[in-house]
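Student: Could you build the full structure based on these sequences and the hints that come with them?
Here the sequence shown stands for residues 1 to 83, where the numbers follow my numbering.
Hints listed in this document are in silico derivations from the structure and should not be mistaken for laboratory results. Because the structure is a prediction, the values reported are computed rather than measured. No false leads were slipped in.
Derived lysine-lysine pairs resembling PhoX-like cross-links, with alpha carbons at most 25 Å apart:
id	residue 1	residue 2
1	Lys33	Lys16
2	Lys33	Lys14
3	Lys43	Lys58
4	Lys33	Lys13
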Amino acid sequence: MTTLTFDTLAYAKKLKSVGFTEAQAEVHAETLKEIITEQLVTKEYLDLRLKELELRLKHDLTLRLGGMLTAGIAIVAAIVKLL
Numbered sequence: 001m002t003t004l005t006f007d008t009l010a011y012a013k014k015l016k017s018v019g020f021t022e023a024q025a026e027v028h029a030e031t032l033k034e035i036i037t038e039q040l041v042t043k044e045y046l047d048l049r050l051k052e053l054e055l056r057l058k059h060d061l062t063l064r065l066g067g068m069l070t071a072g073i074a075i076v077a078a079i080v081k082l083l
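Tutor: Structure representation (structure tokens):
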């Protein structure tokens, strides 16, 4: 699995080259690194969430199918009773 690295030193140097002070550049680089890191997720986390979603969808579909079968049987029973 590849990891994303954010080079704060290179980013801070770029900011300094366009007029940021050293302190501003360092704070901006660290803040951006924190934002990027907080929004990253692992493959394992995504796999877990996908499995949870799959199980929930299967459960919902099972309930809906059961409801449709029950309704169908009730309709057939009502038709048979009327005949």
